[in-house]
Amino acid sequence: MSYIEPHAHMVSRTTDDYQAMAIAGCEAICEPAFWAGFDRSSAQGFHDYYRQLTDYEPKRAAKFGIKHFCWLCINPKEAEDSGFAREVMAIIPEFLDQPTVLGIGEIGLNKNTVSELTIFEEHVAIAQQHDLPILIHTPHLEDKLKGTRLIIDALKNAQVDPSKVIIDHVEEHTAGLVLDQGFWAGMTLYPESKCTLPRAVDILENFGMENIWMNSACDWGISDPLAVAKCMQEMKKRQHSRETIHKVVYDNPVKFLSQSPNFSL
Amino acid sequence: MPSKQDILDLYFMDARCKLIDIAAFLDRMDRFDGEPDYRFDGFHEALAAMLEPGEQSRAQAVLNTLSDQSKEPIPKAIIQGAFGAPNKKAAN
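These protein sequence lines map, in sequence, to chains H and Z. Each residue of the first sequence is one higher than the one before, counting from 1004 in our numbering. Each residue of the second sequence is one higher than the one before, counting from 94 in our numbering.
What the hints contain is simulated information worked out from the structure, not anything from laboratory work. All C-beta atoms, glycine included, are put in the ideal place defined by N, C-alpha and C. Honestly, I wouldn't trust all of these hints.
Claimed, not checked - To list a few chain H residues with every Cβ distance to chain Z over 12 Å, as calculated: (1) T1017; (2) K1062; (3) Q1162; (4) K1240.
To be verified - Pairs of lysine-lysine, DSBU-like flavour, derived with a Cα cap of 30 Å: (5) Z:K111 <-> H:K1159; (6) H:K1240 <-> Z:K181; (7) H:K1239 <-> Z:K164; (8) Z:K181 <-> H:K1239; (9) Z:K111 <-> H:K1233; (10) H:K1159 <-> Z:K164; (11) H:K1250 <-> Z:K97; (12) Z:K181 <-> Z:K164; (13) H:K1159 <-> H:K1250; (14) H:K1258 <-> H:K1240; (15) H:K1066 <-> H:K1159; (16) Z:K97 <-> H:K1240; (17) H:K1167 <-> Z:K97; (18) H:K1240 <-> H:K1062; (19) H:K1159 <-> Z:K169; (20) Z:K97 <-> H:K1233.
Just chain H, same shape as in the assembly (with noise of 0.2 Å):
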């Protein structure tokens, strides 16, 4: 069965995991711009890394049959200073008429901190001026549930259309508080944080299948690239249809992606 990988970070993977994504059915690959690992020296890191992002990812993810889309944005992790963070965002619009540019993300908050905030904000406005989606990415552990928090209220604050909103690393105590809203949520598979395969659709089962998607956030840590498959694997073992699963895996990611001009199959 097809399906669409909504959140990967292909920049830190390798070719075989193209080749297996691409077995496992994979048919696009749309990667956040994030942090590396370690933070970037200079904002002209940043413009490199969004040069591999809009150009050379593109044609390598099409080596194995695979579209590969984009959002842009500097990472939270790299928002404290928001000085540095400003001059990286003025980067950006050069970018965002590459063909394969969806929106801006991942954007959002780490620590939960005022200059997060802030950053998090000015992002949100340049997304409006140029009428793009947004993917969020919600903080880690302890973190998470404080930052769904201040995101929602930000967004709010800022009058953004919700369904044009992906906030994403959801798991059952931030699940209700996006969808309630009327944000999109995103549930990110992984082996020891976020969500097990098992909690994904427990969470889908509880909360039903409309504007949801789940992802394996793939990077350069303990993570999956086949994570979006195997939990294909794991809705069949509980007696889900191949429609819901589709649903999940193709459709949904479809229809959201869709409200951005660059995105088609």
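Chain H is already provided as a structure; the job is to place chain Z on it using the hints.
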């Protein structure tokens, strides 16, 4: 829809394995010297919340117990990572 029997068939052995791992982790903490920190307190609180979740699901109760419940953004980050349980003493 699967039955309870189906769910047991699918997940009992995995849950049993994880339950024993938790018990062994607690034994390990008992066996070694030194003082635990706020994470271990949070772990015990989460275990209690799992058994008495109230109106929430058990998973929600555990996650909420292991979450920072404060409302305001903090002035500045002193670390980039997270530890899995709120440090209530540091917050006070």
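Hints versus structure:
no. : hint                : result
1   : T1017               : holds, 26 Å
2   : K1062               : holds, 32 Å
3   : Q1162               : holds, 20 Å
4   : K1240               : violated, 6 Å
5   : Z:K111 <-> H:K1159  : violated, 40 Å
6   : H:K1240 <-> Z:K181  : violated, 41 Å
7   : H:K1239 <-> Z:K164  : violated, 40 Å
8   : Z:K181 <-> H:K1239  : violated, 42 Å
9   : Z:K111 <-> H:K1233  : holds, 20 Å
10  : H:K1159 <-> Z:K164  : holds, 16 Å
11  : H:K1250 <-> Z:K97   : holds, 26 Å
12  : Z:K181 <-> Z:K164   : holds, 13 Å
13  : H:K1159 <-> H:K1250 : holds, 28 Å
14  : H:K1258 <-> H:K1240 : holds, 26 Å
15  : H:K1066 <-> H:K1159 : violated, 41 Å
16  : Z:K97 <-> H:K1240   : holds, 14 Å
17  : H:K1167 <-> Z:K97   : violated, 38 Å
18  : H:K1240 <-> H:K1062 : violated, 36 Å
19  : H:K1159 <-> Z:K169  : holds, 24 Å
20  : Z:K97 <-> H:K1233   : holds, 23 Å
Hints 4, 5, 6, 7, 8, 15, 17 and 18, counting from the list given before, are not met by this structure.
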